[in-house]
Amino acid sequence: MARGRASSEENSLTRLYPRGFWTWASTPGVLWLILLFVVPFYAIVSMAGGSLDPATGSAIPNWNPAYWDRASFQYVFEQLASPDGVYRVVFLRTLRYVFTAVVLCVILGYPVAYYVSRLRGRMRGVVLALLVLPFWISYLMRMLAWVGLLNEEGLVNRVLTGLGFLENPYPWLEGKSVTVILGLVYGYVPFFILPLFAALDRLQQDYLEAAWDLGASSFSTFLRVTLPLSKNGILAGVAIIMLPMFGDFYTAYLLSNGRSSTAMIGNSIQSLLFETTFGYAQARGAALVTVLALFVSILTLYYIVSTARSTREAARA
Amino acid sequence: MSTLRALFANPWRKHRFLAAYTWLYIVWALVPVVIAVGFSFNAGRSRSVWQGFSLEWWTGNPDLAVFNDPVLTSAIRQSLILAIATMAIATPIGVALALGLARWRGRGSGTSNFLMLLPLVTPEIVLATGIFFTLVFLYPVPNPGTLGQVVGHVTWSIPYVVVVLRGRIFGVGPELEEAAMDLGAPPLEALRRALLPVLAPAIFAAFTIVFALSIDDFVTSQFLSTDLATQTVPMLIYSSGRTAPNPALNATATLMLVISLAAIGAGLGGMRVLARRQGLQAESSDIANIRL
Chain A
1 MARGRASSEE NSLTRLYPRG FWTWASTPGV LWLILLFVVP FYAIVSMAGG SLDPATGSAI
61 PNWNPAYWDR ASFQYVFEQL ASPDGVYRVV FLRTLRYVFT AVVLCVILGY PVAYYVSRLR
121 GRMRGVVLAL LVLPFWISYL MRMLAWVGLL NEEGLVNRVL TGLGFLENPY PWLEGKSVTV
181 ILGLVYGYVP FFILPLFAAL DRLQQDYLEA AWDLGASSFS TFLRVTLPLS KNGILAGVAI
241 IMLPMFGDFY TAYLLSNGRS STAMIGNSIQ SLLFETTFGY AQARGAALVT VLALFVSILT
301 LYYIVSTARS TREAARA
Chain B
1001 MSTLRALFAN PWRKHRFLAA YTWLYIVWAL VPVVIAVGFS FNAGRSRSVW QGFSLEWWTG
1061 NPDLAVFNDP VLTSAIRQSL ILAIATMAIA TPIGVALALG LARWRGRGSG TSNFLMLLPL
1121 VTPEIVLATG IFFTLVFLYP VPNPGTLGQV VGHVTWSIPY VVVVLRGRIF GVGPELEEAA
1181 MDLGAPPLEA LRRALLPVLA PAIFAAFTIV FALSIDDFVT SQFLSTDLAT QTVPMLIYSS
1241 GRTAPNPALN ATATLMLVIS LAAIGAGLGG MRVLARRQGL QAESSDIANI RL
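Respectively, the protein sequence lines represent chains A and B.
The working numbering puts the first sequence at residues 1 to 317.
The working numbering puts the second sequence at residues 1001 to 1292.
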């Protein structure tokens, strides 16, 4: 029915406006995205295949694929593949951090999203507003708040030593994995909760009542009805937090004073691109960005395919 | 003990456990920020140990207070300039693109739709790197600075504008524009006087979201910054590891927080007013859900 309406609307709108009107309306946006989204992707690959400019000793991009220099890619792949390669260590650490943080976000965020989706009345609006609030507070500001709390003499250390859990203040900000992972969880969990909330909110009460009528306990209703039906919401939430987490370099930097022991792949990219322009540094940075972009697009593809599949299954069932 | 067992046997029965859990979560999510705001009023230099209330870091200190330190005022100014410029450029382009993509059927429309969605699933670090190389090596902008940052923010914001607008556009039938044209309005006039007012709340929401996206942005601003003059507040916070930070940094962050919450409040209020004038239901949920 929606489709029927859309197509009649389409006919009348094409009739109303001059030919090509809507194509022209799209043109500025499409052009902008071609010049500043598509071209930049090409620029990254061209830079990764860039060669040294003899005059300055810095890498410059090769715009013609025929002249692409493989040195930077080769270097990055070697450092990713060999057992003690620099980027292998960082990449595995990034995977570990992101995986742990995402799992914690799901465990931490699910009950909140579930509760709010079942909430009715005045409280619902209040709680939703409070859940949305972190969206509008700068991410860096939220990290800054933790830097203050986790200092040597910060509140966390004073509470923990005061209660006798710690004898001496713990150096949270001196390159500790646990701090960075918890920082990631704190930073990203609001972005996980909202799409999951949207999915749980659409879940119809009838299904749950049917399960109860058929004799299922609340707990098995949750396991066998609610959880499977919210699978797409979980996937959406995971996708939304996972993509930026893989490129994150500011959380690790701020929460460990820039130490390399907790550096993530984003930190490697950032330092390759901006510490020096000498030699192949920027070209290697570009090659690493290319690898990251490919890796992330595989994850995105997996997300799209599995969402489509479970939507199809839901439609069949 | 028996309550504990009851809890595990049926933790979802009365929601009491979940309610407590949710409130704990909210406290955890917001209290650190409240504490950081509080420390902007600290009398001493520390951002961790409370030494009494003062306005030292807001106005008192002649060199280091927010309104007296040129580094801080410059960062605040730069953040605002970027947010306003991005809003002014990205919203019109995005609105036109949303209308175009919703109604243009033909060669290239599918590809354009797909292209529009791609930035939403691209990590910001990738896009920022690409724009950095493009501006430095390809387009003749030797020292991009503010211009580069605006370009980056606009690219990043366009898809959000389209997504916000699209929901509303699909809900509007051709009747209004048909009526306007039957009354003799030429197409552009019908668009301006019949369609745009209906879309006004969504356009307002788009303005608000773009403002918030830009003012909170860090990666793009950082990658495309060329000197101290193009430093924004999030960049200032990032570099605080290297400088000796004092509560004036908290005060600066607090000021930005107040500005962006005020902008969002104004945005929500404006949306409500516009929607009511149209006799439409205000869709404050638009603004909440869209940053996904």
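Because the hints were derived from the structure by calculation, they are not lab data.
It is possible that some hints are incorrect.
To be verified - Facing chain B, according to a computed beta carbon distance under 10 Å, are these residues of chain A, among others:
#1 G57
#2 L108
#3 Y170
#4 R312
What the hints assert, rightly or not - Covered by chain B, per the in silico footprint, the following chain A stretches (three or more residues, Cβ under 8 Å):
#5 21-28
#6 72-80
#7 91-104
#8 110-120
#9 235-246
#10 266-276
Keep in mind that this is a model prediction, so the values were computed, not measured.
Here a beta-carbon is modelled for each residue, glycine too, at the ideal position from N, C-alpha and C.
Hints, verified against the model:
A hinted interface residue such as G57 of chain A counts as satisfied when its beta carbon comes closer than 10 Å to some beta carbon of chain B; here the least separation is about 16 Å, so the hint is violated. Taken as an interface hint, L108 of chain A checks out: its beta carbon lies about 7 Å from the nearest beta carbon of chain B, inside 10 Å. Taken as an interface hint, Y170 of chain A does not check out: its beta carbon lies about 14 Å from the nearest beta carbon of chain B, beyond 10 Å. Contact between R312 of chain A and chain B, as hinted, is not supported at the beta carbon level, the nearest pair being about 20 Å apart and thus beyond 10 Å.
Counting residues of the region 21-28 of chain A whose CB lies closer than 8 Å to any CB of chain B gives 8, so the stated coverage by that chain holds, three being the minimum. Coverage of the region 72-80 of chain A by chain B is violated [criterion: at least 3 residues with CB-CB distance below 8 Å; count 0]. Coverage of the region 91-104 of chain A by chain B is violated [criterion: at least 3 residues with CB-CB distance below 8 Å; count 0]. Chain B is given as covering the region 110-120 of chain A, and this holds because 6 residues of the stretch bring a CB closer than 8 Å to a CB of that chain, at least three being needed.
Here's how the region 235-246 of chain A fares: 6 of its residues keep a CB closer than 8 Å to some CB of chain B, so the rule of at least three is met and the hint holds. Here the region 266-276 of chain A counts 5 residues with a CB under 8 Å from a CB of chain B, which clears the bar of 3, and the coverage holds.
In this structure, the earlier hints numbered 1, 3, 4, 6, 7 are contradicted, and the remaining ones agree with it.
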